[in-house]
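Adding 7 to a residue's 1-based position in the sequence shown gives its number in our numbering.
None of these hints come from the bench; they were simulated from the model. All clues given are correct.
In silico lysine to any residue, SDA-like type, Cα no more than 25 Å apart, as pairs:
| hint | residue 1 | residue 2 |
| --- | --- | --- |
| 1 | K73 | V177 |
| 2 | K86 | E58 |
| 3 | K51 | R66 |
If you're wondering where the values come from, they're calculated on a predicted model, not measured in any experiment.
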Amino acid sequence: MMQKDTATDRELVNEIIEGNEKAFSVLFFRYLPVLSVFATRFTKSEDSAEEIIQDAFIRVWLNRDKLAGVDNVKAYLYKYVSNEALSHLRKKLKQEKMATSFAASHTDSDNNTVDEINLRDVTRIVSAAIEKLPTQRKKIYQLSRNDGKTIPEIAEVLKISPNTVKNSLVTSLKFIRLQLEEHGILFMFPIFFGFFKIK
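Go ahead and model the full structure; you've got the sequences and the hints to work with.
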């Protein structure tokens, strides 16, 4: 059996293409230090850099079949992180404009009411996003979040593989998050495998 911690990038990529999560985890932590420095240069924020890297690796995993044609893994990861960083900066600029407009139209005395409205808005947007999910993905999400079932339990109930459940949850959370961001709301989901807190 290959020792993944000492495996080459190519060996890891070959296993990732086959859906090996351990190999993916090794690749993630191998490049996390340099990618963190790179992303922080864009954002000037370690928290934002972490979010960018998470989103980039989600995309890498969901598009892992494309890794077969990748010769330079490091450059490939930098490309994904660069794209996420640019997207982050565009969203940040949009949100700053919205925040400025919002602040100009509300006084401090309205803060409590505004907070209540924002909470209702978040709930409404999330509910609407869930309703837009395909039938099976919606069922998986509800079993996880509403019924508190684990990935293996959901897989058993629906007679599908745990990996299918996990991919479905990642995709659903990403979709919900994008729906919130389109409304100018940042919301950090606990996402992606053990190190991204999906269990």
